[in-house]
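There are 2 protein chains.
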Amino acid sequence: MYKINDNYQKLPGSYLFSTIAKKVNAYSAANPDKKIIRLGIGDVTQPLAPAIIEAMHKAVDEMGAAETFRGYAPDLGYEFLRNAIVKNDYQARGCDIAADEIFVSDGAKSDSGNIQEIFAENNRIAVCDPVYPVYVDSNVMAGRTGTYDPKTEMWSDVIYMPCTMENNFVPEFPKETPDLIYLCLPNNPTGTTITKDQLQGWVDYANKAGAVIIYDAAYEAYISEENVAHSIYECEGAKTCAIELKSFSKNAGFTGVRLGYTVVPKELKCGEVSLNAMWARRHGTKFNGAPYIVQRAGEAVYSDAGKEQLKEQVAYYMKNAATIKDGLMKAGYMVFGGVNAPYIWLKTPDQMTSWEFFDYLLENANVVGTPGSGFGPSGEGYFRLTAFGSYENTLAALERIQKL
Amino acid sequence: MYKINDNYQKLPGSYLFSTIAKKVNAYSAANPDKKIIRLGIGDVTQPLAPAIIEAMHKAVDEMGAAETFRGYAPDLGYEFLRNAIVKNDYQARGCDIAADEIFVSDGAKSDSGNIQEIFAENNRIAVCDPVYPVYVDSNVMAGRTGTYDPKTEMWSDVIYMPCTMENNFVPEFPKETPDLIYLCLPNNPTGTTITKDQLQGWVDYANKAGAVIIYDAAYEAYISEENVAHSIYECEGAKTCAIELKSFSKNAGFTGVRLGYTVVPKELKCGEVSLNAMWARRHGTKFNGAPYIVQRAGEAVYSDAGKEQLKEQVAYYMKNAATIKDGLMKAGYMVFGGVNAPYIWLKTPDQMTSWEFFDYLLENANVVGTPGSGFGPSGEGYFRLTAFGSYENTLAALERIQKL
Chain X
25 MYKINDNYQK LPGSYLFSTI AKKVNAYSAA NPDKKIIRLG IGDVTQPLAP
75 AIIEAMHKAV DEMGAAETFR GYAPDLGYEF LRNAIVKNDY QARGCDIAAD
125 EIFVSDGAKS DSGNIQEIFA ENNRIAVCDP VYPVYVDSNV MAGRTGTYDP
175 KTEMWSDVIY MPCTMENNFV PEFPKETPDL IYLCLPNNPT GTTITKDQLQ
225 GWVDYANKAG AVIIYDAAYE AYISEENVAH SIYECEGAKT CAIELKSFSK
275 NAGFTGVRLG YTVVPKELKC GEVSLNAMWA RRHGTKFNGA PYIVQRAGEA
325 VYSDAGKEQL KEQVAYYMKN AATIKDGLMK AGYMVFGGVN APYIWLKTPD
375 QMTSWEFFDY LLENANVVGT PGSGFGPSGE GYFRLTAFGS YENTLAALER
425 IQKL
Chain U
25 MYKINDNYQK LPGSYLFSTI AKKVNAYSAA NPDKKIIRLG IGDVTQPLAP
75 AIIEAMHKAV DEMGAAETFR GYAPDLGYEF LRNAIVKNDY QARGCDIAAD
125 EIFVSDGAKS DSGNIQEIFA ENNRIAVCDP VYPVYVDSNV MAGRTGTYDP
175 KTEMWSDVIY MPCTMENNFV PEFPKETPDL IYLCLPNNPT GTTITKDQLQ
225 GWVDYANKAG AVIIYDAAYE AYISEENVAH SIYECEGAKT CAIELKSFSK
275 NAGFTGVRLG YTVVPKELKC GEVSLNAMWA RRHGTKFNGA PYIVQRAGEA
325 VYSDAGKEQL KEQVAYYMKN AATIKDGLMK AGYMVFGGVN APYIWLKTPD
375 QMTSWEFFDY LLENANVVGT PGSGFGPSGE GYFRLTAFGS YENTLAALER
425 IQKL
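If you read the protein sequences in the order shown, they are chains X and U.
Counting the first sequence from 1 gives a position; our numbering is that position plus 24.
Counting the second sequence from 1 gives a position; our numbering is that position plus 24.
Do not take every clue at face value.
What the hints assert, rightly or not - Computed beta-carbon distance windows for the label pairs:
1. P36(X) <-> T201(U): 32 to 40 Å
2. S52(U) <-> K293(X): 28 to 36 Å
3. E291(X) <-> K34(U): 19 to 27 Å
4. E336(U) <-> A346(X): 54 to 62 Å
5. T264(X) <-> Q115(U): 41 to 49 Å
Read the hints as simulated data drawn from the structure, not as lab findings.
Here the structure is a predicted model, which means the values were calculated and not measured.
Glycine included, every Cβ here is placed at the ideal spot set by N, Cα and C.
With these hints in hand, go ahead and build the complete structure from the sequences.
Here's what the structure looks like:
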């Protein structure tokens, strides 16, 4: 008789955003006249930039003609895209990353869920708390997290690095030594980040401890401050200790287009074993490339027109972020993030729990946000709003909140 | 210090098709004047059908306008696609499969690599021999296959079910009881298949043994004989023992478009645990949906125009299959497959090994095929040619082979 992977049974409840969707649907059904504004899930709303649309139409036409039709893509991704990534995301910032260190994928969610596979089961992971749920859940499924305590909402074998008002949302080096350190900077959900010097400290720490940093840079396009790194490879020594995950979802609006990439430097080795070769093997065995049309769309992100248009798109969302931040501050909230990231993290008022505030906001302002506790125990008492709505909706939501 | 997943180190050599590509590239470089014809990898060459191109252009335009832009897709896939799948691939064949039993993905390679994750490490897998390498390799990575014997090219904990001339390429029930049974029918690489009655025998066997069949139906569009099942759910009792994987790569030429789906029936349970719920959780945690544009392309596969155009496309490739089969038989080869599948499986002449015949064919006819031994030890002494080339190339390749 076959046996299932019992680790799945350990996962508490369902995925955060499914729970939110269910609550919102129930409220909508009971109150069909209320116009709900969603500033919850980190999903973009602006249409794809014209340069990207143009590139996709061209690629579709190529797929319709025998001479230009493309079948299976190269395992790592097309060279035209990997070269554009290297040039724009790395060489332009002085980072020495080569095209065969780039692995194009169908998005950073897949990569951040799958990357743990190349590590042994008995590695100890460290995560910021609060954190993007996929890092922990994918390690639960792999049996790497021990037992779950529903009271503390913590896993026995996970090292939590609290990021709260008290430490200015800067994770501290943990007391126990981790093997794998997940860092998402600028951070989802807090919208905060750390300086380049602080990140250099993490690189030095990892190299000394023999740990690998899994660096999720999905939000780097939103960085506005000078002293914040866009890539971990801006730090010295990062190539011997860091894997970087990148997404096209937030800088180019690709949440429904699906494209991302992972950087595994060739210098990253466990003894004699190259992690680059391991990931290449994983990629070649369990994945068959991102669609040609989507890879051409990715290339257009780096064209002159694409860059110009996407700068405006990011500015549009950051105007929303400023609107939320200022509006909340005027309404008397304590607010964080929103300067180098499209997320605003607020302290719930009146000692409300995160889910109490979720219900309060849904029922009284018809605004949907994300409860901070859904991202980890240290998120309790906080709440996330995103800048990805339309400007009109963002403005309307803030007016409603200010009237509460 | 972090530890790697040591199972990766057990994988012998590199992925079959990478090895072939390297050999062909070396030959090309040394013989730049030779025109090589590739009938090796199972990659399609015909352009996408007009109905699909039209649907993709429309979807691209939708992504370029705020009112019709789509962000994250629903976890399971868009309903328009899942409904079309249910209606055409299941209800039309009398199979009672519901839309929430369909999980849309980026292709059957990902699904066939990932599906093992929801099962425990100590399950025993059974595979046909020869077989698509991903089934075994993904289980090696998960530590489920024991040790590798380079002499026999077999894993100690894998149950091999030889499919050779001697048993007419029909796998026999294994002596040891397996927990997970991978069946790819019509088979890749042999191009052979079994009757619906024989498949019913496997379903009965699995239900009795408490095993799950992972049924890869990637080639069902090529079935021409009446007594062959297009879906395992045509068999009675399959919903309590079978997961079905489907690809759009071969029936619609989507190798570079990337779309597939997996069926996990709600009746498939391990005790009280629903495998449908487990796969939903895996899908929701480590995957973020196939691109909207690609899902619309998939929908067009089921439109009246799409069906008509794809029937012609399949007929085009099957004409190639007949050309190869007849040509090889005239040249004195023993040939199998090619009737319900786009693959032709031939016995190598003169006791040549599969790789000897690969070199012989490359050097003397400048034709690339795939060595049977690359698909498993029982593939030794066989060789695969695919019908996915252009008709002109297929004809030219056969003329060259006949002249040898």
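To see whether the hints hold, each was checked on the structure:
1. P36(X) <-> T201(U): 32 to 40 Å: With Cβ atoms ~34 Å apart, the hint holds.
2. S52(U) <-> K293(X): 28 to 36 Å: 33 Å, holds
3. E291(X) <-> K34(U): 19 to 27 Å: 24 Å, holds
4. E336(U) <-> A346(X): 54 to 62 Å: For A346(X) against E336(U), whose Cβ atoms are near 56 Å apart, the range 54 to 62 Å holds.
5. T264(X) <-> Q115(U): 41 to 49 Å: 56 Å, violated
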